[in-house]
Amino acid sequence: MTNTQLFQQDRSNSPLLKVNKLTKLYAPGKGCEDINFDLYPGEVLGIVGESGSGKSTLLTCLSARLAPNDGEVLYLNRENNWLNLYQLSETERRYLLRTEWGVVHQHARDGLRMGVSAGANIGERLMAIGERHYGKIREKGMKWMQDVELDVDRIDDKPATYSGGMQQRLQIARNLVTHPRVVFMDEPTGGLDVSVQARLLDLLRTLVTEMNLSVIIVTHDLAVARLLAQRLVVMRHGKIVETGLTDQVLDDPQHAYTQLLVSSVLTP
Amino acid sequence: MTTMINVEQLSKTFTLHNQGGIQLPVLDKVDLQVFAGQCTVLHGDSGSGKSTLLRTLYANYLPSSGAIYVRHQGEMLDLARASSHQLLSVRRDTMGYVSQFLRVIPRIATLHVVMQPLKERGIADKEAKDRAADLLQKLNIPERLWSLAPSTFSGGEQQRVNIARGFIQDYPILLLDEPTASLDQKNADVVVQLIKKALANNTAVVGIFHDAHVRDAVADQVFSVYSDTSHANDQTPSHIN
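Note that the protein sequences, when read in sequence, are chains W and U.
Per the working numbering, residue 6 is the first one in the first sequence, and the count goes up by one each step.
Per the working numbering, residue -14 is the first one in the second sequence, and the count goes up by one each step.
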């Protein structure tokens, strides 16, 4: 079978993540409520909305880090079994997060171990899935540093000595080293200089295409959403007010809130 | 003749919620058929709704009512009722779109911008690169510019990069929104050749061409779009601006 055929087969018509009636409320209107959507292999889904709209709560619930009040998240794993996320044991959820899933935090220091070297940060996930050979781990660490355009000579430096953009790329390498199938990202370009942001966007898009990754990305930056996401979910007061193809939602928004959001963007 | 697009009773009205809920009716019960190997030119005055119709065909605008059947993987799929997942599949495999403006991640080399649609379909680097280089050459973008990001290019050059990106894949349906608007005669002729080649390849082409010379050279069918109200607007609705 050629590569192309493999690629197309993998992009099947069946979703790999199903979200049904997911609800996590801290107070009425605070959190997320009655969230429903499917995510397909290779698809990038953007979640947009102003701060306080429940985007991050939703992402935390989706990525197995916060138990919902109601509803379910179903995931089709590599072995083709549907897993009901919050019926798994804590250990099983943690295992999933270290293997088939990845989480890229807005602040790299939440997703990195600041006290150990960059190489150890990348190697940690490999060790978690049973890789023990030091040479192999280091080799993969170096390969991934190159893939995210980090200077391999700095593999033994601690992430604290890296710039914000470099830390973000290290965080991405750390997540992708185990070839996850779904990656959750919370404002991955937030707080970065625009020049660094463009490079990170390019890197993310290349990796997503090459690894056929499914991504759920939370952002308040509509320009970032347009460049990365194929589909958008617009949230307000914890609920989804509009969904659709990214360019359709941004160019022909239907809901009053989305129209307001889109018309409020400054263009340089 | 194979029908590739069948538009039935398509209407589109924009509702501007934040401007007193004002309604802008643009398309009113449009019927249109588009055939394989033919070029359908959308014609009408500025503000008549040509662009709105073209964008609705690409699912960039949401129809208010009516149906848009598109031949996708051997079946007629109604875009007005299709899921986002199906729409993405239509765009990946069936329908290409060349807009007037190039919208890409900043600082990416032109060659890679053009290669990208093929990469997304899993085509190998080498083949994608060869086809991108061939198109850029045909469209007279000097090779020394290929490694630069198109944001530094002139308007006409950016448009040619956009055209290369649109024509790199052999889509069964190709939508063109004024592809020759800022091109000189020589490059407009190259675009005419590309369109003719696509038509010979049995692609169904739907386009808006202000340039009469281009229009006469490629049109098989001219479809007139009339605006039914005085405030119909061919531009992006004002809540975007």
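Check the hints yourself; a few may be wrong.
If you only want the chain U side, here are some residues facing chain W, beta carbon under 7 Å, derived [to be verified]:
1) H2
2) D16
3) H70
4) Q71
5) I90
It is worth saying that the hints were derived from the structure and are not from the lab.
Virtual Cβ for every residue (Gly too), placed ideally from N, Cα, C.
Going down the list of hints, with the structure as the test:
{"no.": "1", "hint": "H2", "in the structure": "3 Å, holds"}
{"no.": "2", "hint": "D16", "in the structure": "22 Å, violated"}
{"no.": "3", "hint": "H70", "in the structure": "6 Å, holds"}
{"no.": "4", "hint": "Q71", "in the structure": "9 Å, violated"}
{"no.": "5", "hint": "I90", "in the structure": "5 Å, holds"}
Hints 2 and 4 from the earlier list are contradicted by this structure; the remaining hints agree with it.
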